[in-house]
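**Student:** Residue numbers (this note's numbering), protein chains in the order written: chain A, 1 to 202; chain B, 203 to 310.
These aren't lab readings, by the way, just hints derived from the structure by calculation.
Any given hint could turn out to be false.
Covered stretches of chain A, going by a simulated chain B footprint (3 or more residues, C-beta under 8 Å) [unchecked claim]:
(1) 9-17
(2) 114-126
No farther apart than 20 Å at their CA atoms in a straight line, the calculated lysine to aspartate or glutamate pairs in the EDC-like style are these [claimed, not checked]:
(3) B:K301 with A:E9
(4) B:K301 with A:D6
(5) B:K224 with A:D12
(6) B:K261 with B:E238
Quick reminder that beta carbons are idealized off the backbone N, C-alpha and C, glycines included.
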Amino acid sequence: MAELTDRQELNDRLNLIETMIAEGRQSTQSWGWTFVLWGVAYYVAITWAYWGNPAIAWPVTMVTTGLITALVAMRRSSGRPETSLGRSMASVWISLGVSLFLFGICASSSGHADQHVFIAVIATMLGMANATSSLTLRWKPQFACAVVWWAAAAVSLFGTVTESSISFLVAIFLCQIVFGIYMMICEGREARQGRKEGPSHA
Amino acid sequence: MPEPMPQPVTDLPELNPIIHGKLRLALLSLLSTVEEAEFIWLRAKTNSTDGNLGAQLLKLEEAGYVAMEKKFVLRKPQTLYRMTESGRQALTEYVQALKQLLGAAIDA
C-alpha cells in the first residue's frame, strides 16, 4: 500500500496516461501530402485542358489522382487504428471528392455551367470541406483556406473570365500547395516530438 | 479554530490492480483514443515485446476491459483490440482515484 500511495509513482502513472493519449491521437495526423498532390493535380488538369484535350483532361487527372490517393492512404494507414475523428474527416473529404467528380462530369458534358459557375461551385465546395475540417479539428489555419476558397468563388461570380481563372489558380496555390507544405512541416514536427517524448516505460 | 484532521488512509480509494500495471495502463490509455487497434500498433506504441504485450492484453481481456477480434484483411491475419464499456468505466474510475490520492498526498 505504501508503494501505491507513493506520490512520485502516482504522478508517473498520470503522466503515462497523458503520454499514451497523446500518442494515440497523434496517429491520425498525416494528410498534408494529399493537399499538395491534389494541388499539383489541379494544375496538371488545367494545363492539359488549356493546351490539350479539355474533354478528357479533368476526368483522367481526377480519377488518376483519386486512385493514387486511395492507394497511398491505404498503404500508410495499414496497421494504424481507426478513430471516430479520423473517420469523420475521411467522410468529409471522400464526400467532397465524389461531389466534385459528379459535378465536374455532369457540368462539362451537359454544357450548362460556364467557367464562372464551374469555378464558383468547386471553390464553394472546397471552402465548405476546409471549414468543416477546421471546425472539427479546431485548427484555425485551415479556416483561412476556407475563406480563400469562398473569396475565389465570389471573385469568380462577380469578376471577368480572367479574374475568375486567376482567383482559382491563386486559391489552389495557397490552399493546396502552400497549406499542404505547411501541414507536412507541422506533421513532421509532431512526429519528431512524438519520437523524442515517446514511451520508455514498457 | 481547530485544524481539520487529515483523512485516514482507509478512506482513500484503492487503485484497481489490473489497471495499475504500467503496460496495462498504457494499453488502456491508448485504446481509449481509438475505436480499435492492431496488435502491431500497440506493440510499436508501447515498445513492448510480443510475449509481454500478449500476456498483458490477455489479463485485460479476462477482466473484460478489452475485446479481441481476429480477422483476415487481404489474406493477412489481423488481431484487433478495442476497449469495452467496462474498460472505459474502469479507466475513468482509476483516473479519479489517482487524482484523489494525489490530492491527499499533496495535502499531507
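**Student:** Taking the hints in turn, state whether each one holds.
**Tutor:** Hints and how they fare:
no.: 1; hint: 9-17; verdict: holds (count 6)
no.: 2; hint: 114-126; verdict: violated (count 0)
no.: 3; hint: B:K301 with A:E9; verdict: holds (12 Å)
no.: 4; hint: B:K301 with A:D6; verdict: holds (13 Å)
no.: 5; hint: B:K224 with A:D12; verdict: holds (9 Å)
no.: 6; hint: B:K261 with B:E238; verdict: holds (18 Å)
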